[in-house]
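Just so we're aligned: 138 in UniProt numbering is position 138 of the sequence shown, and the numbers increase by one with no gaps anywhere.
For the record, the hints were derived by calculation from the structure and aren't laboratory data.
Where hints are given, some of them may not hold.
Lysine to aspartate or glutamate pairs mimicking DMTMM-like chemistry, simulated, CA-CA at most 25 Å apart [stated by the list, open to error]:
1) 56 x 189
2) 65 x 157
3) 65 x 121
4) 127 x 189
5) 15 x 130
6) 15 x 149
7) 11 x 80
8) 127 x 90
9) 182 x 39
10) 102 x 146
11) 103 x 68
12) 182 x 157
13) 56 x 35
14) 56 x 68
15) 77 x 5
16) 32 x 187
17) 11 x 121
18) 32 x 5
19) 11 x 120
20) 32 x 189
21) 32 x 185
22) 15 x 27
23) 182 x 60
24) 182 x 5
25) 179 x 90
26) 11 x 90
27) 167 x 131
28) 127 x 170
29) 83 x 60
30) 15 x 5
31) 182 x 168
32) 77 x 146
33) 31 x 187
34) 182 x 149
35) 15 x 80
36) 83 x 149
Cβ pair distances, simulated, as ranges [said to hold, decoys possible]:
37) 87 x 149: 35 to 43 Å
38) 149 x 42: 20 to 28 Å
39) 95 x 149: 16 to 24 Å
40) 88 x 39: 21 to 29 Å
Just so you know, even glycine gets a beta-carbon here, dropped at the ideal spot from N, CA and C.
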Amino acid sequence: MESGERNNVYKVYNKIAGWYSENRNGELAEKKHLDQLIEYLPAGAQVLDLGCGTGKPILEYLLSKNFDVTGVDASSKVLEIAKANFPAAELILADMRALHLKKTFDAIIAWHSFFHLPADDQPAMFKIFEEHINPRGILLFTSGTERGEAWGTMGGESVFHASLDTKEYEILLARHSFKILKHIENDPDCGNATIWMAQRI
């Protein structure tokens, strides 16, 4: 497998953008977690969706709740679809690892996106989370349960995933002033992903 596809999964998404748009499960399996996040947010909250994809279903759901949502994705092809789906939304082409938006948000979501980063790149993301979130803001992201790498298949293409272990994420969250609100391992409703929700303190 090319190292570029390991280090830059967005290149794979560029290849499969059409397939992804047609086949991404439109059911909001994440709804219970999003609704718990929403309980912490003020009306009209500013939310950052990292790895927003086509905008469906997460960005769409947040917009339906009248939040001010900014979507970020590194795949230009996927983001084109998102812009067609949600022409009024603020959608930014960027690699989350190099994000410097010069604004902060009431919540940051990195759902099924953060775990596409190589394990060596993941610790630095917590500084980026910290820089982009308001005091008392909520961070919601998914990971695996153990340190390691895995390959999945989407649209006939191999897709890279990586994770740190639970203790490493706990240390990183504490180091960057996040208090863990929820940690669920292998949620069967969300593709057996591990769910993390934390609050900036």
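Each hint tested on the structure:
no.	hint	result
1	56 x 189	holds (17 Å)
2	65 x 157	violated (34 Å)
3	65 x 121	violated (32 Å)
4	127 x 189	violated (29 Å)
5	15 x 130	violated (32 Å)
6	15 x 149	holds (21 Å)
7	11 x 80	holds (14 Å)
8	127 x 90	holds (23 Å)
9	182 x 39	holds (13 Å)
10	102 x 146	violated (33 Å)
11	103 x 68	holds (13 Å)
12	182 x 157	violated (33 Å)
13	56 x 35	holds (16 Å)
14	56 x 68	holds (16 Å)
15	77 x 5	holds (16 Å)
16	32 x 187	holds (11 Å)
17	11 x 121	holds (17 Å)
18	32 x 5	violated (32 Å)
19	11 x 120	holds (19 Å)
20	32 x 189	holds (10 Å)
21	32 x 185	holds (15 Å)
22	15 x 27	holds (23 Å)
23	182 x 60	holds (24 Å)
24	182 x 5	violated (31 Å)
25	179 x 90	violated (29 Å)
26	11 x 90	holds (22 Å)
27	167 x 131	holds (22 Å)
28	127 x 170	holds (14 Å)
29	83 x 60	holds (12 Å)
30	15 x 5	holds (11 Å)
31	182 x 168	holds (16 Å)
32	77 x 146	violated (31 Å)
33	31 x 187	holds (13 Å)
34	182 x 149	holds (24 Å)
35	15 x 80	holds (13 Å)
36	83 x 149	violated (31 Å)
37	87 x 149: 35 to 43 Å	holds (37 Å)
38	149 x 42: 20 to 28 Å	violated (39 Å)
39	95 x 149: 16 to 24 Å	holds (19 Å)
40	88 x 39: 21 to 29 Å	holds (26 Å)
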